[in-house]
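Engineer: The chain contents come next:
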Amino acid sequence: MSAEGSVVLAKRRPAGPRLDVRWGGLGRTVALYLASIAVAFGLSALLVQLTGHSASSAFTAMYQGSLQDGGALATTVDEAVPLLVVALGTIVANRAGIFNIGQEGQLIFGAMIGAAVGLKVGGLGAFGMVLTLLASAVGGAFWAGLSALLRYWRKVDVVISTLLLTFVAFEVVSYAVTNPALLRETKVGGSITAAESNMLPDSVQLPRLGSPPDFNLSLGFFVAVALAILVMFLIRRTRWGFRLRLLGLNRTVARRAGVSEWRMGTTALLICGACAGLAGGIMLTGTVFRIQAGFSNNVGYQGLLVALVAQGNALVAIPVAFFFGALRSGGGFLATTGVPRDFVDVVQALLVLAAVFPPAFQWLRRRRRATQAPEPVAPQAGEAAA
Amino acid sequence: MSNLDSAVTLLDGAVRLTVPLGFAACGELVAERAGTLNISVEGMMLGGAFASVAAASAVGQPALGLVAGALVGMAIGWIHGNFSHRLAANTFVVGLTLNTLVLGLTGFLIADHQFNQELIDNTSIPGLSGIPLIGQPLFDQPWPCYLFYGLIPLTWWLLFKTRWGLEVRACGENPQAADVSGVQVNRRRRETLLWCGLMSGLGGAYLCVCETGIFNAGMTAGRGFIVIAAVIFGGWTLRGAILGCLLFGGADALQLTAQALGLHATPELLISAPYILALLAMLFFAKRNRAPAALAQPFERGLT
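Taken in sequence, the protein lines are chains E and W. Here my numbering is used: position 77 in the first sequence is 77, and no number is missing along the way. Here my numbering is used: position 203 in the second sequence is 203, and no number is missing along the way.
Don't read these hints as lab results, they were simulated from the structure. Cβ atoms here follow ideal geometry from the backbone N, Cα and C, with glycine treated the same way. It is possible that part of the hints are untrue.
Have a look at the derived ranges for each label pair, beta carbon to beta carbon [said to hold, decoys possible]:
| hint | chain 1 | residue 1 | chain 2 | residue 2 | range |
| --- | --- | --- | --- | --- | --- |
| 1 | W | 261 | E | 35 | 53 to 61 angstroms |
| 2 | W | 301 | E | 251 | 20 to 28 angstroms |
| 3 | W | 297 | E | 123 | 47 to 55 angstroms |
| 4 | E | 120 | W | 218 | 49 to 57 angstroms |
| 5 | W | 153 | E | 186 | 56 to 64 angstroms |
Residues from chain E shown here face chain W by an in silico Cβ test under 7 angstroms; the list is partial [stated by the list, open to error]:
| hint | residue |
| --- | --- |
| 6 | 152 |
| 7 | 154 |
| 8 | 349 |
| 9 | 353 |
From just these sequences and the hints, can you work out the full model?
Structural biologist: Written as structure tokens, this is what we have:
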């Protein structure tokens with residue numbers, strides 16, 4: 001056991017590897033991160049070169065598509081915002097010790113509810129837009145609520161139920177958009193309709209600061225950043241946040257301290273689902289404007305990865321989401337170089353592994369060192385909790 | 001087409017669609033009994049499928065495709081095991097990432113390459129394949145299908161009749177107790193992931209080498225997740241998991257046959273049926289079909 005784990009709760013943290021953030025270790029930590037990220041990029045470059053493409057032109061294209069000018073940067077932010085919102089909800093659930101991996105389904109289900117409402121409230125102006133976003137959040141929360149119900153009523157594991165419900169959500173949306181009585185495009189004249197909903201009316205679409213060829217920001221960006229600060233404040237500075245963390249750190253202690261597990265857990269799951277749904281709503285009203293099968297496009301899964309790479313810290317999630325967003329928007333530009341688009345997935349996966357590796361490696365090193373050195377004398381509080 | 005003929009066609013389709021799932025389910029069951037809710041099974045199947053086509057096309061021997069598929073599946077299992085049961089990285093991060101990695105990598109490689117189509121022909125078992133109704137679907141299949149029939153009892157023996165299997169199940173039920181008894185919990189979990197990779201890779205390879213003969217990007221199309229659903233549906237028992245695969249493979253075949261016969265079925269309902277059935281099974285048989293107690297929980301020595 002590491003020497004700095006003097007606080008009993010910290011010792012029992014179930015989250016696994018943590019970063020070495022002591023000043024002495026900081027240089028080594030940074031070096032380790034840089035090295036593993038370099039390895040990830042190196043492997044990706046090698047892959048491109050070996051298949052007869054040019055690695056430099058591939059990375060240049062990704063840079064041009066994501067960061068080079070205002071327009072590209074705006075696309076990156078648009079991609080990053082839903083990822084961040086999903087990640088924030090995930091952080092809340094993770095802090096309560098609940099592992100939801102169904103954000104993808106909650107996102108698409110929320111967006112479907114949002115679309116159903118948004119198509120009806122075109123005449124209400126800005127109020128209609130707010131209503132659409134709220135409906136998306138409620139939709140996402142409902143889908144996560146099913147998992148909460150299964151967990152606290154029948155003890156079905158949240159991981160399992162959220163995973164399975166994701167695929168059910170895909171099919172629900174697919175059914176809704178193929179069925180003319182539900183959300184399928186309405187026929188205009190003799191046109192052939194596709195399996196997708198109508199475009200949302202203009203008044204429901206998110207307003208933007210600036211206009212598309214230059215740098216611009218949609219309202220969603222401000223919502224997401226505000227939400228990040230709110231989540232950080234809630235978790236760190238409120239009594240509710242303390243109870244949430246207590247539940248995540250030690251269920252038994254939390255129960256003895258009067259935290260209702262099912263109530264707290266349900267709330268955390270609902271928040272997680274609502275965030276995923278809201279992210280879907282932001283995508284719907286900000287960039288996509290209509291719902292179709294495949295709408296979620298891995299945003300839910302990647303948002304989950306953002307939360308875990310950010311190690312449960314809401315503010316760290318902002319740059320991580322930006323980085324993931326840059327990869328997504330940069331991928332769109334790859335087509336010009338002849339490198340298949342799937343390359344982005346490879347780069348992204350390798351980078352996630354590179355981001356996961358350093359803390360895990362340091363944790364392993366510390367544990368190895370701890371097993372060799374004699375066990376430090378446990379503080380007295382440790383006896384009481386054991 | 002007579003009724004008997006269409007029933008035989010339906011059963012034949014069901015068996016064909018079940019075998020790839022069944023291979024992977026034999027692996028996934030062992031991994032889950034050791035406490036890993038392995039979601040990289042999708043990536044293992046996809047990687048196995050790609051490797052089998054690449055190897056079979058390069059050598060001209062579809063049988064070698066199966067070997068290559070199994071090896072690639074094991075490689076993915078090795079990476080997963082080392083990340084999540086040596087470095088203690090979150091198993092879902094690793095699983096999701098590996099799925100993305102394999103999807104991207106195979107999609108990237110197939111975009112530039114053309115492979116020859118190599119298929120294993122059906123081998124009819126004399127006598128048995130003459131049984132009316134079930135004879136042809138069960139015993140007139142490519143030979144790896146018979147390998148699958150053999151691997152079911154092997155998996156059962158491995159998991160329930162060997163010391164290794166007992167230790168594996170202990171790791172999934174109570175890793176602390178297993179650790180105290182001298183079982184190397186994380187090592188056992190890594191070994192089960194290798195087994196899972198082997199079997200899932202075979203499943204993916206079967207899909208390519210015995211069914212389609214070609215590889216398309218993302219061709220497993222969520223079969224790995226159906227396998228997870230089947231293991232859950234089967235209440236973490238081998239016969240339950242195989243039954244689940246048969247049911248979900250059958251539903252898939254029914255969908256195809258229904259189209260051919262001009263019957264109308266809601267495709268969305270049939271596609272989501274495995275997941276809904278798995279959830280219902282957990283809901284109603286929660287007492288009997290108990291998940292391994294330490295499923296999806298990382299193990300660290302010395303912590304309670």
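Engineer: Against each hint, give a clear statement of whether it holds in the structure.
Structural biologist: Hint check results:
1. Checked against the given bound of 53 to 61 angstroms, the beta carbons of residue 261 of chain W and residue 35 of chain E, roughly 60 angstroms apart, stay inside it.
2. Under the hint 20 to 28 angstroms, the C-beta atoms of residue 301 of chain W and residue 251 of chain E, about 21 angstroms apart, fit the expected range.
3. Residue 297 of chain W and residue 123 of chain E have their C-beta atoms about 52 angstroms apart, which keeps the hinted 47 to 55 angstroms range intact.
4. Remark: the range hint 49 to 57 angstroms for residue 120 of chain E to residue 218 of chain W is contradicted by a beta-carbon distance near 35 angstroms.
5. A beta carbon spacing of about 57 angstroms between residue 153 of chain W and residue 186 of chain E agrees with the range 56 to 64 angstroms that was offered as a hint.
6. Checking residue 152 of chain E against chain W: minimum C-beta separation of about 13 angstroms lies over 7 angstroms; hint violated.
7. Interface restraint check: residue 154 of chain E against chain W, minimum CB-CB distance 5 angstroms, threshold 7 angstroms, status holds.
8. About 4 angstroms separates the beta-carbon of residue 349 of chain E from the nearest beta-carbon of chain W, less than 7 angstroms, and the hint is met.
9. Checking residue 353 of chain E against chain W: minimum C-beta separation of about 6 angstroms stays under 7 angstroms; hint holds.
Of the numbered hints stated above, those contradicted by the structure are hints 4, 6, listed in ascending order.
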